[in-house]
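Protein chains in written order, with this note's numbering: chain A, 7 to 561; chain B, 114 to 212.
It should be emphasised that the hints constitute simulated quantities derived from the structure, not laboratory data. Don't take each hint at face value.
Stated by the list, open to error - Which stretches of chain B does chain A cover? Using the computed rule of at least three CB atoms under 8 Å from a CB of chain A, they are:
| id | region |
| --- | --- |
| 1 | 125-134 |
| 2 | 137-144 |
| 3 | 153-163 |
| 4 | 196-204 |
No residue lacks a Cβ here, since even glycine has one placed at the ideal position from N, Cα and C.
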Amino acid sequence: MYSYNEFDKDFVQNRVHQFRAQVDRRVDGSLTEDEFKPLRLMNGLYLQLHAYMLRVAIPYGTLNSAKMRQLAYIADTWDKGYGHFTTRQNIQYNWPKLSDVPDMLQALADVDMHSIQTSGNCIRNVTADHFAGAAADEVEDPRPTAELLRQWSTDHPEFAFLGRKFKFAVTGSENDRAVIKAHDVGLRVLQNDAGEVGYEVLVGGGLGRTPMIGKVLREFLPREDLLPYCEAIMQIYNRLGRRDNKYKARIKITVHENGIEKIRELVEERFIIQRAAFGGYDQILFADIKQAFAAPDYDHINTDGYEASLKSDPAFRSFVDTNIAQHKNPDYAIVSISLKKHGDTPGDASSDQMRVMADLAEKYAHDELRISHEQNVILPHVHKSHIPTVYAELRKVGLATANIGLISDIIACPGMDYCALATARSIPIAQQIATRFEELKLEHDIGQLKIKISGCINACGHHHVGHIGILGLDRAGVENYQITLGGDGTQNATIGERAGPGFSYDEIIPAIERLIYAYLDLREAAVETFLETYRRLGAAPFKAALYPETRIAAE
Amino acid sequence: MARAFTPKVLTANRLIEGDVVYYGNNGDWVSSHDDALFLDDETQANELLAKSHKQADLLVGAYLADAILKDGKPVPTHFREEFRTRGPSNYEHGKQAEV
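So that you can see chain A by itself, here it is in the shape it has in the complex (with noise of 0.2 Å):
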């Protein structure tokens, strides 16, 4: 992985030494809440509903044990022994003090990492596929770009007051696991007819209040051309994008407003002046980072023990099941570990955990991990023979939960159980879905089905594209929760529709339960998905289910 030169670290260390001295200032009375606010969510510092809240940057999802070590101690030394690793690949601490967030920056940087633009209106953490690198299916590995994105968006000056907060992410997949439609610029890594390779760039996608897929603004961007397109891009989004409303201020909105083809228009004509202004050193620079990502060094040795132990142990079978994906190279596995055990909280590891994971990475994994935005943790390559004993070190610890891509693997924001913007909780409804398909044993007859839930209307938890969404709101002093069906965030990507009044707290878990059944029901044969029920049929029957009353007063 890519390893900070020292520019970066010269760059990461300042950073910490000034925001060690605006602390001071703040805790001295030189400055006002007022003045400290914006400088110290430049450095990631939220105040949540309980706590302070520190927000880390995991540039596109990429740790190495060292890393994932020095978050372990991190949260032991500084906050109540775990983390929160979010749906953009972040990790959060919700229990800092303020006087100790210096000294947690400084740890940070010790391994080449900080919370700089985790906030604020600038470009934000760069996502990326959490398979990069290793995916069977992959064009190229786009964590390359995404890391010449970062040290380009990193404090750049003509970007960090934007009209809003901006996002990346990066795939080099045709199946899209980064969700790359639902960003404001996301970029496909594929080969043209000539062979050559480039970007398919899409611009104007988002959840949020507005929810929109990305519209492609380029079909075949030239490699060498990424960054001052980029830069055109940004250039006439801020010039277009609105800034008397806060909630119009989304480049998917001057886009909605301006239309792709002006954008385009506008977007390539710029492109020409800055494409100039280049000289070619952005190349020799993106050589020089895919260096860093070269493919680890194999090992060559036979994958007996895994394939005697899928034979004789059906729970190593079970996790193999779903918690394995195909490799490019076909001696090794990539892994997923669920941060879902039935009832915890999605997302959260403990110190303990992420030391475990550190480990295993080291010793099996190439010193490899990744953070997906599906709040789990991967070890990209893992040789076949070693799956058995990475899984049997794995349940010592509470992190072989076998439900990858299962009704029980939910996407949860923090909502009203942290987060100061929440309308209501996420996190219980998750543990309850999850507790409650445990105890009726039917996830894995169930299958493939994403349920998202967000807090509140921003939609940090994506509920629009899960294949059951979950919204919740505050309904005249109430948590209500709305549901949205057939939302999908891959390739396919589709918003979900609305399926009617929300329902209470209490009624949510019940109303989900009717859906599956509805389902299990409905569909044609076990292989077919939730989502591929809802397409063929539509909503209607989902909607009958989940609201019978409706159905009997139109009889």
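Using the hints, position chain B against chain A.
Coordinates of chain B only, in the frame set by chain A:
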């Protein structure tokens, strides 16, 4: 027309620790909502809020939150404020585990 005043408690977070606190009966900032001063007088509520803004060395984000009186103690009327009295509901940690 301005909305009729409803009773309040004055709440904030501690500047350094971030903990939720309330302006107490005793004139200090206290952890327990039970010990918060019940403010049924609008002028007093606004005066205390203005005063709290001058305590920037102690506090951050002060505001008035709705409350009612129950068995002689102030009780939040909104679930958000109820969560702030004890901490997250996903499992017991935060304030509820420390009291």
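**Prompt:** Of the hints stated earlier, which fail here?
**Reply:** Going through the list in order, the structure violates hints 2 and 3 and respects the others.
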